[in-house]
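Just so you know, the sequences run in chain order U and R.
FYI, our numbering numbers position 13 of the first sequence as 13, with every residue one higher than the one before it.
FYI, our numbering numbers position 101 of the second sequence as 216, with every residue one higher than the one before it.
Just so you know, not all the hints are guaranteed correct.
[Stated by the list, open to error] Below, computed lysine-lysine pairings styled on BS3-like, alpha-carbon distance capped at 27 Å:
id, chain 1, residue 1, chain 2, residue 2
1, U, Lys71, R, Lys214
2, R, Lys214, U, Lys65
3, U, Lys71, U, Lys18
4, U, Lys57, R, Lys214
5, R, Lys171, U, Lys57
6, R, Lys171, U, Lys65
7, R, Lys157, U, Lys71
8, U, Lys69, R, Lys171
9, R, Lys171, R, Lys157
10, U, Lys18, R, Lys157
11, U, Lys57, U, Lys69
Keep in mind the hints are simulated off the structure, nothing from the lab.
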Amino acid sequence: EAQVTQNPRYLITVTGKKLTVTCSQNMNHEYMSWYRQDPGLGLRQIYYSMNVEVTDKGDVPEGYKVSRKEKRNFPLILESPSPNQTSLYFCASSSLTGEEDYEQYFGPGTRLTVT
Amino acid sequence: QKEVEQNSGPLSVPEGAIASLNCTYSDRVSQSFFWYRQYSGKSPELIMSIYSNGDKEDGRFTAQLNKASQYVSLLIRDSQPSDSATYLCAVGFSGGYNKLIFGAGTRLAVHP
Chain U
1 EAQVTQNPRY LITVTGKKLT VTCSQNMNHE YMSWYRQDPG LGLRQIYYSM
51 NVEVTDKGDV PEGYKVSRKE KRNFPLILES PSPNQTSLYF CASSSLTGEE
101 DYEQYFGPGT RLTVT
Chain R
116 QKEVEQNSGP LSVPEGAIAS LNCTYSDRVS QSFFWYRQYS GKSPELIMSI
166 YSNGDKEDGR FTAQLNKASQ YVSLLIRDSQ PSDSATYLCA VGFSGGYNKL
216 IFGAGTRLAV HP
């Protein structure tokens, strides 16, 4: 089954304790992206990657890091989480070839609470 | 600043009616347009994509695009209570980096 997976699905942590949210896709997609979703603000892009070893900032990258060492994986790293990073996080992927460019498929989400 | 605007709703329609959801965007060179459905606490699910002016139909859903007016809409015919969700409009902006800008979403409530 074609899918994007994220782990963990729920996470409660404390300020300053480093954490990683994993994202993996099995569709051989070149493009992967992280979003956060907050009430009234919609989905905002954090970081994206066009391919292995190619990453760039989205609209709200402060406080986050990413890496893309393998095509299927795109982890999101919070080196020192703060309460304002409490949010619902989604990973998404899409192909960059053919007429289905831009059609992004989303993982199930990770609800992060930083206290 | 590229923007995608949607009425937040809620849009309330009776079961069996047509629900009409609207979206405007700011960038004239946008190439691709999408509608996602999101149930509360769940991830966005792609339901329609449209790339050229006119209408595109898929089952009970019809997407309409008017690039001159920078307007895209989604019609849901024979609305069902299971259609109650938030509908997100997303616009793909040119520039070679596959970026989608999402609207904040319109909440649709279909009542029996």
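Comparing the hints with the structure gives:
{"no.": "1", "hint": "U/Lys71 to R/Lys214", "result": "holds (18 Å)"}
{"no.": "2", "hint": "R/Lys214 to U/Lys65", "result": "holds (18 Å)"}
{"no.": "3", "hint": "U/Lys71 to U/Lys18", "result": "holds (24 Å)"}
{"no.": "4", "hint": "U/Lys57 to R/Lys214", "result": "holds (11 Å)"}
{"no.": "5", "hint": "R/Lys171 to U/Lys57", "result": "violated (33 Å)"}
{"no.": "6", "hint": "R/Lys171 to U/Lys65", "result": "violated (39 Å)"}
{"no.": "7", "hint": "R/Lys157 to U/Lys71", "result": "holds (25 Å)"}
{"no.": "8", "hint": "U/Lys69 to R/Lys171", "result": "violated (39 Å)"}
{"no.": "9", "hint": "R/Lys171 to R/Lys157", "result": "holds (26 Å)"}
{"no.": "10", "hint": "U/Lys18 to R/Lys157", "result": "holds (25 Å)"}
{"no.": "11", "hint": "U/Lys57 to U/Lys69", "result": "holds (17 Å)"}
Consistency note: the structure conflicts with the earlier hints numbered 5, 6, 8.
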